[in-house]
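Visitor: Please work from the sequences and hints to get the whole structure.
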Amino acid sequence: MALHVRGAVLPDDEVRDLYLVGDRVTYEPVNGADTIADSGFVLPGLVDAHCHIGIAPGEKPVTSVAQARELALVNRGAGVLAMRDAGSPYPYPELDDDPELPRLARAGRHLAPPKKHLRGIPLEVTADEVVQAATAQAKAGNGWVKLVADWLDREVRDLAPCYDEDVTRAVIDAAHAAGARVAAHTFDEATVAMLVRAGVDSVEHGTGLSVDLVDEMARRGTALVPTMINIERFAEIAEIADRRFPGYAEHLRSLRRRFPGVVRSAYEAGVPIQVGTDAGGSIPHGLAAEEMLLLHAAGMAASDVLAAASWGARDWLGFPGLVEGGLADLVVYPEDPRRDLRVVRGPSRIVLRGRVIK
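Going left to right, the sequence shown walks through residues 38 to 395 as our numbering numbers them.
Treat the hints with care, since some could be wrong.
To be verified - Below 30 Å or equal to it, Euclidean Cα-Cα: the simulated DSSO-like pairs (lysine-lysine) are:
{"#": "1", "residue 1": "Lys152", "residue 2": "Lys176"}
{"#": "2", "residue 1": "Lys97", "residue 2": "Lys152"}
{"#": "3", "residue 1": "Lys176", "residue 2": "Lys97"}
{"#": "4", "residue 1": "Lys153", "residue 2": "Lys97"}
No wet-lab data here; the hints were simulated from the structure.
Since this is a predicted model, take the numbers as computed values, not measurements.
Guide: Spelled out as structure tokens, the structure:
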């Protein structure tokens, strides 16, 4: 049966009648459609543009497709109707078109040098192997390659690039040639500058960004996914690192202190910012609303946070929103989230693929 929703459809702010016929949106009246909402504020669902449904609590790979599926359902229950899995150690291509799950963009496995990421999570590849691996992982994902671009170097005793600039550029070029975009994990100042020069598509975390660099990102259209929930954890990580790597620990504390200002500078420069939580492992799923509130506290206008968490992020990932012929995903909020962003914590209606979830 067709569904009918009446409400203020954001971002246009016009009260409209929209109809969901199967998995598509139309604004042409449909006789006999079942009205499921006759007021409120309508968005095309939230997006978590950086999560990991292939990583289980405890920072270990999931052991089944069913386990990954359950993590995706947690996001769905929070109104997240599209996700980008930014690297999974467990393959689950059968979930790409699962009718019960949020829309899914995903990378294959993280690419990292030996011992330069969480144990058991990445595909460990040397500088001589990583370019070929990027081509393979472009095929393993459905549009993204995940590169671990820096990590704790135990010889340097601080953050350091995982691969040099020539290799990093070759990885990005290989992924692009294979039809994929590249998302790169980076905390370090030198590494993120190298990534932007090399043409990376998406800076993940990006704590090392500078004012000059955000201007260049804006010029290039390079996206930033700040994962502010994750950066809040730097204090805990630094405390653990203090005894063996005090310089690294202090570096993390410094990056954490300045990060809200970094995000604000990126926003003011016009960098495309997307909402991502880094859920998976030590961060629970379903926290997109909390990430949105942190971005707002850092200086983003509520309307722009909503774009970064909804229609803008969907466009970026290739999932059409509430346009004629768009995908039949939506959430309804009883109050205007532009006036009080906390409203996004509690959708009154959730519809995914034309089916009522809540």
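Visitor: Indicate, hint by hint, whether the structure satisfies it.
Guide: Evaluation of the provided hints:
1. Lys152 x Lys176: 24 Å, holds
2. Lys97 x Lys152: Since the Cα atoms of Lys97 and Lys152 sit roughly 15 Å apart, the hinted pair holds (cutoff 30 Å).
3. Lys176 x Lys97: Cα-Cα ~23 Å, so holds.
4. Lys153 x Lys97: Cα-Cα ~15 Å, so holds.
In the structure shown, no violation is registered for any of the earlier numbered hints.
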